[in-house]
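In case you want the letters, here they are:
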Amino acid sequence: RKEVEQDPGPFNVPEGATVAFNCTYSNSASQSFFWYRQDCRKEPKLLMSVYSSGNEDGRFTAQLNRASQYISLLIRDSKLSDSATYLCVVKRPGGYQKVTFGTGTKLQVIP
Amino acid sequence: DAEITQSPRHKITETGRQVTLACHQTWNHNNMFWYRQDLGHGLRLIHYSYGVHDTNKGEVSDGYSVSRSNTEDLPLTLESAASSQTSVYFCASSERGNRGEQFFGPGTRLTVL
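Which chain is which? The protein sequence lines are A and B, in order. 949 is the number that this note's numbering gives the last residue of the first sequence; the numbers go up by one with no jumps. 474 is the number that this note's numbering gives the last residue of the second sequence; the numbers go up by one with no jumps.
The shape of chain B in the complex, shown without the other chains (with noise of 0.2 Å):
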């Protein structure tokens, strides 16, 4: 069965530190996206893909890169990480021109002290 798999699953590592979170997808989607997801907000977007070596910004997507190599990848990379990045983190995936539908993966929970 196609699937979205995210790894870590959790992650501790400490200010200024670079990390990179791995999204990998087999539903052959063009689209990918990552979202946080924090207490008293809905998710946000950091980036979205809407191909191969295509990556745009998204609401959040200060101190977060991606890039896209494949189909399948989109890693995300904390360039040096911060106390205020601390969430869940879930990337996504939807086919090309649908209505706005997305598949998520289970999240990695990213703990920044």
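Here chain A stands alone, though its shape is the one from the complex (with noise of 0.2 Å):
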């Protein structure tokens, strides 16, 4: 089993829509988790860290649940400058070497 995985769709969806990504990972002990954003031939950019609490945002909201082991990513009112793929991000205990990066899922938002 991976130690993150991701659908990696596409999900098309249309404007104003709300979209809902989830990312399970396999460690229990992980202890951080992020969601980064990436452009197409762009570099990845940090959207959100994911709290215990859950946090929002602004149209993002990120949400942990510890016992499936899954983190999850939604948003609403989707506008079409949204379209990017969605990274979800976990650190185990220990250095950076413990940080793994899922494969993505692409979000395309249709006018």
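Heads up, some of the hints might be wrong.
Computed cross-link-like contacts, SDA-like style, restricted to lysine to any residue with a CA-CA straight-line distance of at most 20 Å [what the hints assert, rightly or not]: (1) K372/B with T447/B; (2) K883/A with H390/B; (3) K936/A with F464/B; (4) K883/A with R457/B; (5) K880/A with E364/B.
Hints are computed from structural coordinates only; laboratory data are not their basis.
Using the hints, put the two chains back together into the complex; each one sits in its own frame.
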């Protein structure tokens, strides 16, 4: 089983829709979780950290479910500019060699 | 504004040649990283450094080396380029002791013929 798994998509959604992605992780000792956004042929950029209590940043909500070992990203009122690949990142205890990037979920927001 | 730059942005080379990719950051971050990104794989860690004169091997370090002589720079060297090293390479940096958030450079697209 891969350490971090994501549905590659693509998720094709109309503008204004709500869309959610999940990401599962295999190591129960994982301690830090993030969502990054990557536009085509560009570098990944941190979208948000994921906290145990869940957190929200505008239209974006991230949640952590430790019991089922997954994190989620909810995007409300999708904009065309949200079209990108969303990378799930999980860090186990220890140094940065313990950071694992998922392969990403592609989102395409359609006019 | 602080940033990370990489050069060159595109490089075509031949099998067996030595290639060096540059990474320069003005964040004054202690931690620096090199990743490669290939279709079907997430970003994979090649080498990383926690500070000047410190270097560590990552998941896919064979055929690559790095050196850290100052805070700002972490050049990545391919000792003898192979076609399997055709990839997009990203440099990243982060603050000491943070939870894992990293800032990435714009990437270098390397083709080995």
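Restraint status (C-alpha distance of K372/B to T447/B at most 20 Å): OK: K372/B and T447/B at ~10 Å, within 20 Å.
Agreement of K883/A and H390/B with the hint, judged by alpha carbon distance not exceeding 20 Å: Holds, at roughly 17 Å.
Distance restraint between K880/A and E364/B, which requires alpha-carbon spacing of 20 Å or less: At roughly 15 Å apart (the allowed maximum being 20 Å), E364/B and K880/A satisfy the hint.
Proposed proximity, R457/B with K883/A (alpha carbon, max 20 Å): Holds. K883/A to R457/B sits at ~19 Å (cutoff 20 Å).
Hint consistency between K936/A and F464/B [alpha-carbon to alpha-carbon, up to 20 Å]: holds (17 Å)
Against the hints set out earlier in the document, no violation occurs for any number.
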